[in-house]
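J.: Chain C is fixed; fit chain L onto it per the hints.
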Amino acid sequence: MSEIIIGQLRDAIVALDGDKAREAAQKGFDDGLDPVDMINQGIRSALDLMGERFASGNLFLPELMLAAKAADAAVGILEPELLRRGGAAEKLGKVLMATVEGDIHDIGKNIVTLLMKSAGFEVVDIGVDKTGEEILGAAKVHEVEVIGLSALLTTTMPRMKEMVEILQESGVRDQYKVIVGGAPVTQEFADLIGADGYGADATRAVNVTKRFLAR
Amino acid sequence: MKSEYGLGIDAGGTYTDVVLVDFATSKVVNASKAPTTHPDASEGIRAALAGVGADLLPQVRMVSLATTFATNAIVEDRGAKAGLILVGYDEVPPDLPRSTHVLMVEGGHTVTGEEKALLDLGAIEERIDTFLGGVDAVAVTGFFSVRNPEHELRVAQLIRNRYDLPVVRGHRLSMRLDAVKRATTAWWNARLIPLISSLIGSTTRVLSEKGIQAPLMVVRGDGSLMSAQTALDRPVDTLLSGPAASILGAKYLSGLENALIVDMGGTTTDMATLSGGRVIIDPQGAQVGRWKTHVEAAKVRTIGLGGDSLISPNGDQQLSVGPRRVMPLCVLAERYSKVSQMLRNILRRIDKAHSLSLNPCSFYVIHGQQNNGTKPFLPGFLEAGPVSELLLFEDACNWSSTLDLDHSEKQGLVFRSSLTPTDIRVASGQFSLGSREAAQLGLAIFARYMGMDETSFAEVVEEEISKRLCVEAVTYVGDKDDEALSSLSERWFLQPPFPTNGVGLDVQLTLTAPVIGVGAPAPAYLPMTFRRLHTECIVPEAYEVSVAVGAVVGMVDITVIGKVVPSDTGRYYLYTAAGKETFTSLEQTLESGRRLLEDLVRERMRRSHVAEPLLDFLVEEKRVKTGHGEEIHLETELRLRATGRPNVWDQG
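Chains C and L are the protein sequences, given in the same order.
Going letter by letter, the first sequence gives residues 1 to 215 in our numbering.
Going letter by letter, the second sequence gives residues 1 to 652 in our numbering.
Simulated from the structure, these hints should not be mistaken for laboratory data.
Don't take every hint at face value.
Chain C is faced by these chain L residues, among others (derived, beta-carbon under 8 angstroms) [stated by the list, open to error]:
id	residue
1	P93
2	F143
3	A179
4	K622
5	H628
6	E630
7	I632
Beta carbons are placed, not taken as given, at the ideal position from N, Cα and C, and that holds for glycine.
Isolated chain C, as found in the complex (with noise of 0.2 angstroms):
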């Protein structure tokens, strides 16, 4: 049963009919799907294949924009569900998510922020496209423990190494744990710039989190 509802929900994102996806995204809530398998196996799977198309050429622009809209709407279903859950919870420590500077993609980094929400952190989304100076900034200003960067464009990942960078000049670089993630990163692109973990995707983002902030 389940495995129809996620697939719907899959083709839906392809298919860039953001309507279909939102019903699926309730009717797997209203049958008591877990929301993380949704996100994962539906929404995730769907993003990552137009993520391929769109990669080699069989996919315009606008048509990635529309599925990652779609994603959105059935992100949007599931959210309440994934926040009850995270509220229930003692706060795990706090998170800062973004964005990197030249890229304005913002469905990974949200799908991210949402999973880590309900595993029980406390998230600070400051959003898209920013630099690295306002990245550390709000990472002093709201005292976190984890910086999680994402980029779709393989043009901006060079952002993620400078990020890195600008930490360790500004000489706070062992105060915080950088995660790095999105669909051009690697784990041995991680690992090359420095920075201390991987999310290969969204659940491993938030196990690889737990990981650093397990008291």
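T.: Quick look at chain L alone, frame taken from chain C:
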């Protein structure tokens, strides 16, 4: 062939050692020591040199100096008054003391070497006269100056045009990131200039008196050498030069390439690693006291345990050694003749103690006579010479004042003397220093106090020292953050054996390379210590002077680095100590990078008397495959290492 000699000098806080090494035979020909003199070190060096055959000195081809002066100055927070100009910093780094003489200026760069803000030279011009009043040197550091040093250079130029002051530029000392450490490093470099300059002046004076023409080199914290002229610009590079030289000395004396080096001194024991003939460097940069710097220095673990460590009672039949350093009884008794009589009196009445919290042969003594002028507030009974803690305790009227004495000791007004491992060795005749009688009395008192005979007491002390060193060696070689390892070694070495009921437990930890033990107490404690770890410990013949030997056998070894980073617009940025440059092709960037680095390193090698260095150019390209399957070029690191012996053979 006429022999060629190297003269190694180790100017330590307490003693100055000199050695003469014959380069042809690799033998230590002569060694001598004398107390270090402050603030002018020349008398101590002169006295130490007097012990080396004067006829050989004209054949000396190289002189090299290792010193703990800079390290000690930082630990004790002594240094010249330096101004610190911070360009583009948001705040004064919290690591610096509040009293630091700081001028904050708008400016600085970004991670890509772009101007973060315009340099506010006007603000500096306005305030510089007042700011530099009474200052001996000035340090300038800029935010991301390692990506673009332009602002640092402009500020330095402005000061040089008007003042005759040493100006330190942060990016010249290290190309590493971390503006906080850069500021600390540059500030301390400025503060150390007068001190090192005076030491080099003293040394040069004595050398020319003795007719030694050879160039003077100074040992850096990584064991390599720099010319005295370079050391005047980079005194902070002498941090940890003593321990680093000791490692090279141990290597030279033992002929080993891989070993754990254990240098046991009076106050502390240092552990360091020799791997493939090279000193292992601390990737974090040298840390001295609470100061974290960018200085390339040996990775050393310092343990508060040495020949002059305080032995104190610690519960029934238990005692602890260190971390406090005191004056050995044998030395105190030589200085004050009444001490031996006092010890005899104590021995006559001492009994096994009921409560073992008091040290039976500890003395308090007023520090030096030169404390004229403002007389510190101290109990009057100290005026008559050393006072026994035990007798003070018995005299109820005076007991409360021992609390003040503790405080006065911390302030450096009084010092303590008590039984130390050195005394135990002197008592048994293994080592000769000061009054043997006083050492024997101290040992007898302490043993009786603990309810043991003297031999077993001495064994307990030895055992305590060697077990502590075993735990330290295991955690140093393993990983200091490995809690499982450190609790295992503490359980095994420091606590009672596991219970045995027919079947018992045994643990054998072994180091995979031998140990080289150096420093005066080395033969007494180190071979015994490492037998517990089933590891060979070699104590070379000249174990007492490994620092001075290491000073003269090192070589000049400089690595300069550059970074190539592709820009978003298809160009390439090159960052080196010479500044930021932009190119259109990668080949062009790499070629210019190599040329620039070679110019930089050749110039520095020339200043350290190496005309034809051996160059080793390393290019590390960082490319990575993205999740989309394409490959991106993140950056390329350029490292040019230059090595060579100072070019001294054809001189003189």
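J.: Could you check if L:P93 really has its C-beta closer than 8 angstroms to a C-beta on chain C?
T.: 6 angstroms, holds
J.: Under the criterion of a CB-CB separation shorter than 8 angstroms, is L:A179 in contact with chain C as hinted?
T.: Result: holds, 5 angstroms to nearest chain C Cβ.
J.: Do the numbers back the hint for L:K622, that is, is its least Cβ distance to chain C under 8 angstroms?
T.: Holds: closest Cβ of chain C sits about 6 angstroms from L:K622, inside 8 angstroms.
J.: Should the hint that L:I632 touches chain C count as held when the rule is a Cβ pair under 8 angstroms?
T.: 6 angstroms, holds
J.: Would the hint on L:E630 be counted as holding, given a Cβ-Cβ threshold of 8 angstroms to chain C?
T.: Hint on L:E630: holds, closest Cβ of chain C at ~6 angstroms, below 8 angstroms.
J.: Hold the hint about L:H628 up to the distance rule: shortest CB distance to chain C must be less than 8 angstroms.
T.: Interface hint status for L:H628: holds (4 angstroms vs cutoff 8 angstroms).
J.: L:F143 was flagged as interface toward chain C. Is the shortest Cβ-Cβ separation under 8 angstroms?
T.: 7 angstroms, holds
In terms of the numbered hints stated before, the structure departs from none.
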